[in-house]
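Protein chains in written order, with my numbering: chain D, 1 to 525; chain W, 1 to 525.
Calculated from the structure, these hints are not laboratory results. Every value quoted in this text rests on a predicted model; they were computed, and no experiment measured them. Ideal Cβ placement from N, Cα and C applies to all residues, glycine included. Mixed in with the good hints, there may be bad ones.
[Stated by the list, open to error] Some chain D residues judged to face chain W by a derived CB distance under 10 Å, without partners named: (1) Ser69; (2) Phe102; (3) Ala138; (4) Phe214; (5) Glu215; (6) Arg524.
Number of protein chains: 2
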Amino acid sequence: MPPVTPVNSIQSSAARLASRRPALCFRVYPGGATSSYSLSANLKDKPLVKKERVVILGSGWAGYTFARSLDRTKFEPVVISPRSYFVFTPLLASTAVGTLEFRAVLEPIRRLPGVDFYQGWADDVDFARKKIHIEANATDDLVKMAVIPGPSGPGAAKLRGVKGEEFSLSYDKLVIACGAYSQTFGIDGVREHASFLRDIGEARRIRLRVLSLFEQCAHREDPTAPADSSAGRLTDDDKRTLLHFAIVGGGPTGIEFAAELNDLIYEDLARIYPGLMQFVKITVYDIAPKVLPMFDQALAKYAMDTFARQGIQVKTEHHLERVRLADGYLGAEHGALRIKVKECGDEEVGAGLVVWSTGLMQNPLVEKLAAKEFALSGTKEVTHLEKDPKTGGLVTDQYLRARTNGDKGGLLEDVFVIGDCSVMENERSLPKTAQVASQQASSLAKRLNSGDIAAKPFRFRNWGTLTYLGSWKAIHQSKTELKGWIAWIVWRGAYLTKSMSVRNKIMVPVYWATCFLFGRDINRF
Amino acid sequence: MPPVTPVNSIQSSAARLASRRPALCFRVYPGGATSSYSLSANLKDKPLVKKERVVILGSGWAGYTFARSLDRTKFEPVVISPRSYFVFTPLLASTAVGTLEFRAVLEPIRRLPGVDFYQGWADDVDFARKKIHIEANATDDLVKMAVIPGPSGPGAAKLRGVKGEEFSLSYDKLVIACGAYSQTFGIDGVREHASFLRDIGEARRIRLRVLSLFEQCAHREDPTAPADSSAGRLTDDDKRTLLHFAIVGGGPTGIEFAAELNDLIYEDLARIYPGLMQFVKITVYDIAPKVLPMFDQALAKYAMDTFARQGIQVKTEHHLERVRLADGYLGAEHGALRIKVKECGDEEVGAGLVVWSTGLMQNPLVEKLAAKEFALSGTKEVTHLEKDPKTGGLVTDQYLRARTNGDKGGLLEDVFVIGDCSVMENERSLPKTAQVASQQASSLAKRLNSGDIAAKPFRFRNWGTLTYLGSWKAIHQSKTELKGWIAWIVWRGAYLTKSMSVRNKIMVPVYWATCFLFGRDINRF
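Okay, chain D solo, but in the shape it has when bound (with noise of 0.2 Å):
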């Protein structure tokens, strides 16, 4: 036997690593222990690098898309965000149910090969030293902020004061991708009680939620014992309270999470608890007059025509005035809510779960550096970015460069802007979508691979939207309209698409098999 010694340096550890696996193995990634990501991931260790640092702030649709396409031979790309990782939002809803787990939607930017990544806000830019200050975050305490945070809840920390480690860094050129935040118009209640569908952990949140309300639900006493036993049993009344699943925002997440949910209870929970589904009700509720504005009228009559049929009742033109915790033990155990619906008169509407997805507001570090006036190196001129003064975004010319407001209307030619927080000056309305972000990420990251930023404007294909409607059945408009089952078949092909990983390329349509033999996972844990 050789002598055993602990031995645990880099180097012992990477031939270890080499050792280890039987020569016919492999990684499914490009480079290996001597790659240039695992050495960055070590700044100070690093030589002296001659490549320019892109520093992108985000790790959305905008953020990873470019920090993947950016050439990391000729460039530095570091990717500062408070989320590890990238979520693939149109499969965000098939997670809130179980149609997908969790991990087969999520991307780490520390896989992405060459790419740094500091978990942080970036709290100032400071554009004339071209420094970003950053307040770390590895802990995820306050990772999973969908809205601004109010006094208490996550993120409440952030806002006392309480700081996590703080540290400058330079950047050559910087890209602010930081998206936009959830908007509750102000809405009483709405902050503390409502559930978001931007996220992972609120998909898990939402997902835990509905499970276990029809397990409260779940009929329990004993048909032997005396009928006023037991205090505290749920009224049929409590029942269709807590089983009533409230969507706010009729576009396409709120009415694909309507859809989603509407599976998971009529092709999983009607089996485990058939004698709930007499008191299972869905409603989206909308301001405007039509749900699905960007699709044409018969696509989206169609849309509401399947709703009907499937039991979800859609209010148009109602208006969400509060949200509030229900009295009594309905709220304070099972968490029961009631909306008060303008529409609706003065009585509220129970509801055991209330998802918001409408509506968008600008990041708070927008609004910061919107604010912030600074003076670049060399000129004595006072300047300020140019915001939006209807959206509050960052406005950019068509090569996507910050502008900045002067006599003249400059730029900041190092500073580029895309995504939600974005305003092109000559397409003022593009929409805040993931294909548009995408699109102009990829976009500027070719232009700056090619050296030539001023080559090409940016311009959006719109390759058009796409809607699940529940039970196999989809809309897609574009040039063309599809609905039924040649959408559906559309719109799972349609995600099967490059921002997604090889592993989740093959886990997605192996987790929609088993959805599909098997039915959905129902654990709650």
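The hints should help you fit chain W onto chain D, whose structure is shown.
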């Protein structure tokens, strides 16, 4: 277009369900919408049944195996448990590092056809009237207690007297299979700060903690910043503390977790955080002179040599005396711990994570039932269940029927005890393992199904013990001994057993394959 009416009655649901699926679809579950289990989920509506109701307390190896083996045409099985799923514990350590995903080792009780389920705690049993008193727990608040809770933390509400809905259930036969809790031996700080690897919630928290520790230690400074900037930066000693993983208990659970953790670190995290490998240490502590006592000398030595080559330290004859949170920012912000080990002198050892995998203590229900005095109907003789003086478990005869203390050493004919909470009077030294619990459950179900309880006494057949050692190696001990590659294949093959659903029999190899090809998922949410 046919008129659309919202439909939400059971009949319509069933009809919709039937019409929804194209004719070629099928579900790999026995029974459809009219099978006995879908009706039995709502006891109150069920027609009067002549089958004996067999109530099972517990959803672990004993309870779950028994429930799925009992003949549903002869009996009406009802499972009572605070936990709505069964955990396939041999693979739990794999989920705690991401080799497998959590749901692949869970089986929901509600998916067992023909079996009723009530989520709650059995608080008390009236043996005379054959009734069980249950406190409902559908909100899952208290389900993940591995130890008796302290004044705060999960389960504390229960201790403070906040109760869920209460009700009674009568039984014809009772099977007590409520398992055991983790024993902390009263050591200061273990309950508050250590992690236990007994349930899936714990596995998830351990996984998040390990990954988060690496992210927290990841090097973050700007190499161009002055060395004394940024207060609160982690020093090298801080990183050695945070990346020290202490495992207490050298039995198969502790050893397997150490092995899996080592795989995660050196197969996945070494590529992502190569600069941190120099700080990583794994230590296994045990009070006994040797670990893996159920294996013979040669195999145990092979295990120790394998660990030594991997850099895992094994400290036998070491006693933990106290665990506490570290002082300063290291404890407050990063959750670092300090362990006092008797044999290491006065200086405490720092650790980022302490996993406690040793010792069992009786479930408080068992203690309560053993102390209870009652007189069976038709007799005046007061009796009580017999308790084993050494372990505190409930004593049974060789047919698994509960013994009572009385002059003649009586029996409760309709009460059975199986699994960790039972002690057979003729084989008091049977180990408390999944194998024993599972065999007792199958044997008891078989005897009840054939209606001849006393036909054959229970005999345990030892199929041997398997322990994974990391790096594709394992050891297997039964009549033969295996080690290395072959044992690894047996180890992996053995787990595709009949205690696992078809779905998980597919998903477990799928996850092993994706782990091999793509590495473990490192996302934290």
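Comparing the hints with the structure gives:
1. The closest approach between the C-beta of serine 69 of chain D and any C-beta of chain W is roughly 21 Å, which is over the 10 Å cut-off, so the hint fails.
2. The criterion of a C-beta within 10 Å of any C-beta in chain W is met by phenylalanine 102 of chain D, whose closest approach is roughly 7 Å, and the hint holds.
3. The interface hint given for alanine 138 of chain D is met, as the beta carbon of that residue sits about 4 Å from the closest beta carbon of chain W, less than 10 Å.
4. The criterion of a C-beta within 10 Å of any C-beta in chain W is met by phenylalanine 214 of chain D, whose closest approach is roughly 9 Å, and the hint holds.
5. Nearest Cβ of chain W to the Cβ of glutamate 215 of chain D: about 4 Å, under the 10 Å cut. The hint holds.
6. About 6 Å separates the beta-carbon of arginine 524 of chain D from the nearest beta-carbon of chain W, less than 10 Å, and the hint is met.
Comparing the model with each earlier hint shows a violation of hint 1 alone; every other hint is respected.
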